[in-house]
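Trainee: Hey, can you work out the whole structure from these sequences and the hints?
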Amino acid sequence: MVGLHKSEFANPVINWIDTRLPIFTMMQKEYGVFPTPKNFNYFWNFGALAMVNLVIMIVTGIVLAMNYKPDAALAFDSVQRIMRDVNFGWMIRYVHANGASMFFIVTYIHLFRGLYYGSYKMPRELLWMIGVVILLLMMATAFMGYVLPWGQMSYWGATVITNLFSAIPVVGNSIVTWLWGGFAVGDATLNRFFSLHYLLPFVLVGVVFLHVAALHITGSNNPLGIEVKGPQDTLPFHPYYTVKDSVGICVFLLVFAVLVFFVPNFFSSPDNFIPANPLATPAEIVPEWYFLPFYAILRSVPNKLGGVMMMFGSIAVLFVLPWLDTSKVRSCKFRPVYRQFLFLLVIAVITLGTVGAHRPEGIWVYLGRVATLYYFLHFLVILPVLGKLERTLPLPESISRKVLPGGGGPLPGGAAAKPMEKM
Amino acid sequence: MRSLVLASHVLAALGLASMGLLAAGTPARAQEALPHQEWSFNGPFGPFDRAAAQRGYQVYKEVCSNCHSLKAAYYRDLAGIGLSAEQIKATAASVTVPDIGPDGAPAERPALPSDHFRSPFPNELAARAALNGALPPDLSVIELAREGGADYVDALLTGYSDPPAGMKMGDGMNYNKYFPGNQIAMPRPLQDGQVTYADGTPASTAQEAHDVATFLAYIAQPEMEARKRMGVKVVLFLIFLTGITYAVKRKVWSDVDH
Ligand code: HEM
Numbered sequence: 047m048v049g050l051h052k053s054e055f056a057n058p059v060i061n062w063i064d065t066r067l068p069i070f071t072m073m074q075k076e077y078g079v080f081p082t083p084k085n086f087n088y089f090w091n092f093g094a095l096a097m098v099n100l101v102i103m104i105v106t107g108i109v110l111a112m113n114y115k116p117d118a119a120l121a122f123d124s125v126q127r128i129m130r131d132v133n134f135g136w137m138i139r140y141v142h143a144n145g146a147s148m149f150f151i152v153t154y155i156h157l158f159r160g161l162y163y164g165s166y167k168m169p170r171e172l173l174w175m176i177g178v179v180i181l182l183l184m185m186a187t188a189f190m191g192y193v194l195p196w197g198q199m200s201y202w203g204a205t206v207i208t209n210l211f212s213a214i215p216v217v218g219n220s221i222v223t224w225l226w227g228g229f230a231v232g233d234a235t236l237n238r239f240f241s242l243h244y245l246l247p248f249v250l251v252g253v254v255f256l257h258v259a260a261l262h263i264t265g266s267n268n269p270l271g272i273e274v275k276g277p278q279d280t281l282p283f284h285p286y287y288t289v290k291d292s293v294g295i296c297v298f299l300l301v302f303a304v305l306v307f308f309v310p311n312f313f314s315s316p317d318n319f320i321p322a323n324p325l326a327t328p329a330e331i332v333p334e335w336y337f338l339p340f341y342a343i344l345r346s347v348p349n350k351l352g353g354v355m356m357m358f359g360s361i362a363v364l365f366v367l368p369w370l371d372t373s374k375v376r377s378c379k380f381r382p383v384y385r386q387f388l389f390l391l392v393i394a395v396i397t398l399g400t401v402g403a404h405r406p407e408g409i410w411v412y413l414g415r416v417a418t419l420y421y422f423l424h425f426l427v428i429l430p431v432l433g434k435l436e437r438t439l440p441l442p443e444s445i446s447r448k449v450l451p452g453g454g455g456p457l458p459g460g461a462a463a464k465p466m467e468k469m
Numbered sequence: 278m279r280s281l282v283l284a285s286h287v288l289a290a291l292g293l294a295s296m297g298l299l300a301a302g303t304p305a306r307a308q309e310a311l312p313h314q315e316w317s318f319n320g321p322f323g324p325f326d327r328a329a330a331q332r333g334y335q336v337y338k339e340v341c342s343n344c345h346s347l348k349a350a351y352y353r354d355l356a357g358i359g360l361s362a363e364q365i366k367a368t369a370a371s372v373t374v375p376d377i378g379p380d381g382a383p384a385e386r387p388a389l390p391s392d393h394f395r396s397p398f399p400n401e402l403a404a405r406a407a408l409n410g411a412l413p414p415d416l417s418v419i420e421l422a423r424e425g426g427a428d429y430v431d432a433l434l435t436g437y438s439d440p441p442a443g444m445k446m447g448d449g450m451n452y453n454k455y456f457p458g459n460q461i462a463m464p465r466p467l468q469d470g471q472v473t474y475a476d477g478t479p480a481s482t483a484q485e486a487h488d489v490a491t492f493l494a495y496i497a498q499p500e501m502e503a504r505k506r507m508g509v510k511v512v513l514f515l516i517f518l519t520g521i522t523y524a525v526k527r528k529v530w531s532d533v534d535h
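Residue numbers (the working numbering), protein chains in the order written: chain H, 47 to 469; chain X, 278 to 535.
Source of the hints: derived by calculation from the structure; they are not laboratory data. Keep in mind that a hint or two might mislead.
[Claimed, not checked] Distance condition first, Cα-Cα at most 16 Å in a straight line; then the derived EDC-like pairs of lysine to aspartate or glutamate: (1) 454/X - 428/X; (2) 115/H - 233/H; (3) 338/X - 415/X; (4) 348/X - 123/H; (5) 167/H - 273/H; (6) 348/X - 131/H.
[To be verified] Label-pair distances were calculated between CB atoms; the ranges are: (7) 391/X - 408/H: 53 to 59 Å; (8) 329/H - 528/X: 53 to 59 Å; (9) 355/H - 411/X: 43 to 49 Å; (10) 441/X - 248/H: 16 to 22 Å; (11) 379/X - 233/H: 34 to 40 Å; (12) 437/H - 323/X: 57 to 63 Å; (13) 314/X - 245/H: 32 to 38 Å; (14) 65/H - 391/X: 56 to 62 Å; (15) 408/H - 310/X: 17 to 23 Å; (16) 427/H - 323/X: 41 to 47 Å; (17) 441/H - 518/X: 37 to 43 Å; (18) 111/H - 314/X: 38 to 44 Å; (19) 317/X - 329/H: 29 to 35 Å; (20) 317/X - 179/H: 47 to 53 Å.
Where a beta carbon is used, it is the ideal one built from N, C-alpha and C, also for glycine.
Mentor: In structure tokens, the structure reads:
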């Protein structure tokens, strides 16, 4: 359709722009008056936190890249130069390095929120799947970022993980050589990883945009897991959720600051302060904490190809989760049995994380296998069957009936009409 | 309320899990449990003990620097442990560093405060040739690169003894109960009275080890004091900001039944 937009903004400059390019109207619609369920708890902060975190990663990353040298002979020393010679370089680097951990903490909680409140179900399947793509991209980005400081763990972690592709029959070894750009992890690998590590976050920005766009079509889920029935169930995003998200952001920054300023190496491995040495394998090669559960699944299978497939499978099941869970009821609040199983899943994942940090010997092998088994049973068997058998609790009639005994009250300040909401 | 309880459970679980992971993630390096020392720089406010770090610099300069480089550090960094500009100039000038002379040929000149610490060997081969095949690691970030940090370095330097009866030592190897595998190529570097401290502190082996471990802690993280000072301000500010934001949130939400 051709034609100027009829802008309602009073400020003449904003009005002039908005008439020609209605971005102000769009922001107002999507983040201003956007109708959002009124019953969110603080779990609904984590999407916004992940966005803030992504921005922090990009800003600190760009500054790091101004001083970092992606060269096998210079990389390690250039990181030390950043720490010592660049003004506030230590702060930028510690924010970036700890930011990766914060990002995964926030994202894993965000994902758990989705599991607990059934946010992946009809009609939010695509929204959920885009989320899983975000997780995969984050993992790829973090993996390649961890290689850049070119310490022992960078080097050997890269070697172990890229080597996984050699499990592919026939072409495996050729693929690995192609990934490395040589016959071992080396200068060529470091250079291409740097290039991709710079690229992927911007791909992430694009995918996050799609994630939010999809969200603004379906609207948010909420702790009751029932759809919004009308304006009495919602609040305008601003100021209600802008201010509630701000509280979350403050607490997030507080935790982040404690890490960066007081225990900046809490999550890092001492081995990564030793320059990469292709001739000396570290006593133990342990990936970053956020990969440990997947690493444990990998090592729980005695066969290499099997292990690799199970590891990727553990993410693939998340992808098809909307169709594995056959229950129509979303929230754990009304699914007492599923809730127990979900806590078992959390325990299994934490167990896997612990197993991943240990040598695969003795008890750890068995724990790893049991937890892996439960992980897959949960998604592939329990969820499909439970949906058919479980007796769920009665659902409330609507969000406002639940929160306002006796029915919906008057609308607080300008809640708009359509049943949609926030991220 | 319910959701808060839930959130706290989740956080507690995550916290426990991550602690477990960290404890679990540390490979068994040291042979014997490390004795924990009191370090001035431990804790959220602790500064470096200037006197100990300066004595430690003396130990490094007189002993360790014969074998170990400190490539990431500059002489000017010594300002952080309380050396004056004059002292730094003097200590830098006491060594020569490789440079290119006016005729374009390699030459040596006295070091300046802006120079990196001089390395004892021009390259790895030279070090190995001089030390019976062993390679002394660069010590710039050694205390971040070893589990236990300063505790480990201190223990290592004081952990020498004769090997237990029946243990077969490799050629040129020394027994050390804290080194992984217990056989280390570094000969015992510190003895009682190895250095004569300028400030008159009695130079026992333990004192020297403690001092040089303090110095190396500073060299590994010269930004630490500034970082902690800034951290205190940032955290206080964020607590204040969180309080205000929460109050605003309460106010905004006061007209909503939920
Ligand atoms: C999704 C967002 C991102 C994640 C999860 C991430 C993750 C990481 C990780 C885990 C490291 C290793 C940290 C360390 O031990 O030093 C790293 C390093 C690095 N990253 Fe990122 N990063 C992200 C975005 C970016 C962006 C957008 C840039 C540049 C435009 C960037 C540039 C760098 C550089 C130069 C390093 C090496 C310097 C260093 O090791 O501190 N990163 N990143």
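Trainee: Work down the list of hints and note, for each, if the structure agrees.
Mentor: Taking the hints in turn, this is what the structure says about them:
1. 454/X - 428/X: holds, 14 Å
2. 115/H - 233/H: holds, 11 Å
3. 338/X - 415/X: holds, 14 Å
4. 348/X - 123/H: Since the Cα atoms of residue 348/X and residue 123/H sit roughly 9 Å apart, the hinted pair holds (cutoff 16 Å).
5. 167/H - 273/H: holds, 12 Å
6. 348/X - 131/H: holds, 13 Å
7. 391/X - 408/H: 53 to 59 Å: Since residue 391/X and residue 408/H have Cβ atoms about 54 Å apart, the given range 53 to 59 Å holds.
8. 329/H - 528/X: 53 to 59 Å: Holds - the Cβ-Cβ distance for residue 329/H and residue 528/X, about 56 Å, lies within 53 to 59 Å.
9. 355/H - 411/X: 43 to 49 Å: holds, 45 Å
10. 441/X - 248/H: 16 to 22 Å: At roughly 59 Å between Cβ atoms, residue 248/H and residue 441/X fall outside 16 to 22 Å, so the hint is violated.
11. 379/X - 233/H: 34 to 40 Å: Taking Cβ atoms as reference, residue 379/X and residue 233/H lie about 36 Å apart, which means the hint holds.
12. 437/H - 323/X: 57 to 63 Å: holds, 58 Å
13. 314/X - 245/H: 32 to 38 Å: violated, 46 Å
14. 65/H - 391/X: 56 to 62 Å: holds, 59 Å
15. 408/H - 310/X: 17 to 23 Å: Roughly 21 Å apart at Cβ, these two residues keep to the hinted range, so it holds.
16. 427/H - 323/X: 41 to 47 Å: Violated, at about 53 Å.
17. 441/H - 518/X: 37 to 43 Å: Taking Cβ atoms as reference, residue 441/H and residue 518/X lie about 39 Å apart, which means the hint holds.
18. 111/H - 314/X: 38 to 44 Å: holds, 39 Å
19. 317/X - 329/H: 29 to 35 Å: Cβ of residue 317/X to Cβ of residue 329/H: about 31 Å, so the range 29 to 35 Å holds.
20. 317/X - 179/H: 47 to 53 Å: Roughly 49 Å apart at Cβ, these two residues keep to the hinted range, so it holds.
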